[in-house]
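Model the placement of chain U on the given structure of chain G, informed by the hints.
Protein chains in written order, with the working numbering: chain G, -14 to 210; chain U, -14 to 210.
Worth flagging that the hints you see were computed from the coordinates, not collected in a lab.
A couple of the hints might just be wrong.
Pairs involving identical chains hold if they fit within one copy or between any two copies, as the list cannot separate such chains.
Listed next, the in silico SDA-like pairs over lysine to any residue satisfying Cα-Cα at most 25 Å (straight line) [what the hints assert, rightly or not]:
id: 1; residue 1: K122; residue 2: P31
id: 2; residue 1: K89; residue 2: E28
id: 3; residue 1: K108; residue 2: W141
id: 4; residue 1: K203; residue 2: D16
id: 5; residue 1: K18; residue 2: A33
id: 6; residue 1: K18; residue 2: Y131
id: 7; residue 1: K203; residue 2: R22
id: 8; residue 1: K18; residue 2: H128
id: 9; residue 1: K122; residue 2: D92
id: 10; residue 1: K108; residue 2: C5
id: 11; residue 1: K18; residue 2: W141
id: 12; residue 1: K108; residue 2: L27
id: 13; residue 1: K89; residue 2: I39
id: 14; residue 1: K203; residue 2: L118
id: 15; residue 1: K105; residue 2: E170
id: 16; residue 1: K105; residue 2: V173
id: 17; residue 1: K89; residue 2: G9
id: 18; residue 1: K105; residue 2: N124
id: 19; residue 1: K18; residue 2: N30
id: 20; residue 1: K105; residue 2: D166
id: 21; residue 1: K122; residue 2: R22
id: 22; residue 1: K89; residue 2: D15
id: 23; residue 1: K18; residue 2: V104
id: 24; residue 1: K89; residue 2: P186
id: 25; residue 1: K122; residue 2: N133
Number of protein chains: 2
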Amino acid sequence: MPRLLQHRLDPASRLIRLICAEYGVPLDLDDMKPWARDPALLEINPAATGCILIDDGEAPVVGVLGAIHALEERYAPTAIAGLFPATSGQRAEMWRLLEWVLIKFNDEVTRYVIEEKIVKRDKRGATPEPGVLRVAKANLVEHMLYFNWLFATRQWIAGETMTLADFALAAHFSSLDYLGDVTWETSVETRQWYARIKSRPAFRTLLNDRIAGMPAAKGYADLDF
Amino acid sequence: MPRLLQHRLDPASRLIRLICAEYGVPLDLDDMKPWARDPALLEINPAATGCILIDDGEAPVVGVLGAIHALEERYAPTAIAGLFPATSGQRAEMWRLLEWVLIKFNDEVTRYVIEEKIVKRDKRGATPEPGVLRVAKANLVEHMLYFNWLFATRQWIAGETMTLADFALAAHFSSLDYLGDVTWETSVETRQWYARIKSRPAFRTLLNDRIAGMPAAKGYADLDF
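Okay, chain G solo, but in the shape it has when bound (with noise of 0.2 Å):
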């Protein structure tokens, strides 16, 4: 069975985590820190990061793009079934997406959000930079407006079919979401939509989070927030 090291909160390993409940692949959690430098992680990956995906047989897969392609050649079902969509046009949009998921919202909300909320209190039992807070907050309205706008106009963010940016954008608001840092009432579109991909039963895998001493924002596991 294939296993993820990961830190329960960290985007990245959430967005494997749901391809892997999409696909039906069974998947064990290896909880652990990244920043905590250990040697043996390191020796893996120097990049000292979570989301290394160990499957049988196979090098340890590191990093989120590596473990989102090898999911898609080892375990996806046909194209229609998957996460890719099946046009070469609609492809180029999922990537886009993603992209825009994977670096630039993480550069401007997600990473702040980990950094003073997770990082800083295990690391030193510091409290999180109000300062940077609400940059993050600030920077996170923008994007909203953005999902917002497209949301407005298709059905999933990357146009008619679900894709991974889809999931993508998911695991970044589900982690926020987990520290009570979305504001839902102002986003009806994108409120809309998370409702949407929160039913499906993929979501579970990560409804079901708790970490200890840090219990889940209120609204984070239901389903009607």
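Coordinates of chain U only, in the frame set by chain G:
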């Protein structure tokens, strides 16, 4: 003929140019400044970055992940001659290092240099902040140690065959090298690899680049640097 909306020193665009040159795909270059936030560009790419591939009869492909996949699907010769290696394990190593370059290396080195030396100057005639460039330089030293270690044990960055990850790293190095920001003397292994990749016919497309008012640093176009 495909066309690329790009900035000459944008490493993502340079990677796409290398792939096209390697695959023998003629490419029209359309210079632009992503930071100018031209409304026509924002219409195609609200992320306001360069690296947009416009191909006959296809929707524009925005971003480096989309362009990589589109070129691989549309123009790669057989798997043997392509830039994606043949086995699953080798591909995973390629994606790991591609992610390293596109996210980690860019984040810790290249984007600081581009922002300080190109964007700031162009936007408001400002000079680079020495403190920021010092951080980028210190980070580059750390990355170089890792690359030297890799190249001491393997011919190409992801193994014994040249892959997309080599082109990605070479694209970043070529931007930094144009600006005189790579100290080759202290990085023997990486320098040998760069000399090898720089000698490929595909690389000529980059070595002929000239930017108005900003001559290339000494050695930029020399195969013996």
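Going through the hints against the structure:
1. K122 x P31: between (31 Å within a copy, 20 Å between copies)
2. K89 x E28: between (28 Å within a copy, 17 Å between copies)
3. K108 x W141: Answer is neither; intra-copy 38 Å and inter-copy 37 Å both fail.
4. K203 x D16: Only inside one copy: K203 and D16 sit 24 Å apart there, 49 Å across copies, limit 25 Å.
5. K18 x A33: within (9 Å within a copy, 34 Å between copies)
6. K18 x Y131: Answer is between; shortest inter-copy Cα gap is 22 Å, intra-copy 32 Å.
7. K203 x R22: Close neither inside one copy (32 Å) nor across copies (39 Å); limit 25 Å.
8. K18 x H128: between (28 Å within a copy, 22 Å between copies)
9. K122 x D92: both (13 Å within a copy, 21 Å between copies)
10. K108 x C5: Close neither inside one copy (30 Å) nor across copies (45 Å); limit 25 Å.
11. K18 x W141: neither (32 Å within a copy, 31 Å between copies)
12. K108 x L27: This pair counts as within: shortest intra-copy Cα distance 18 Å, inter-copy 40 Å.
13. K89 x I39: between (28 Å within a copy, 22 Å between copies)
14. K203 x L118: Classified as within; 19 Å inside a copy, 44 Å across copies.
15. K105 x E170: neither (29 Å within a copy, 38 Å between copies)
16. K105 x V173: neither (32 Å within a copy, 38 Å between copies)
17. K89 x G9: So K89 and G9 fail the 25 Å test inside a copy (30 Å) and across (31 Å) alike.
18. K105 x N124: For K105 and N124, the Cα distance is within 25 Å both inside one copy (21 Å) and across copies (22 Å).
19. K18 x N30: within (13 Å within a copy, 35 Å between copies)
20. K105 x D166: within (17 Å within a copy, 33 Å between copies)
21. K122 x R22: between (29 Å within a copy, 23 Å between copies)
22. K89 x D15: Classified as between; 24 Å across copies, 27 Å inside a copy.
23. K18 x V104: within (9 Å within a copy, 36 Å between copies)
24. K89 x P186: Neither: 28 Å inside a copy, 33 Å across copies.
25. K122 x N133: So K122 and N133 pass the 25 Å test inside one copy only (16 Å; across, 40 Å).
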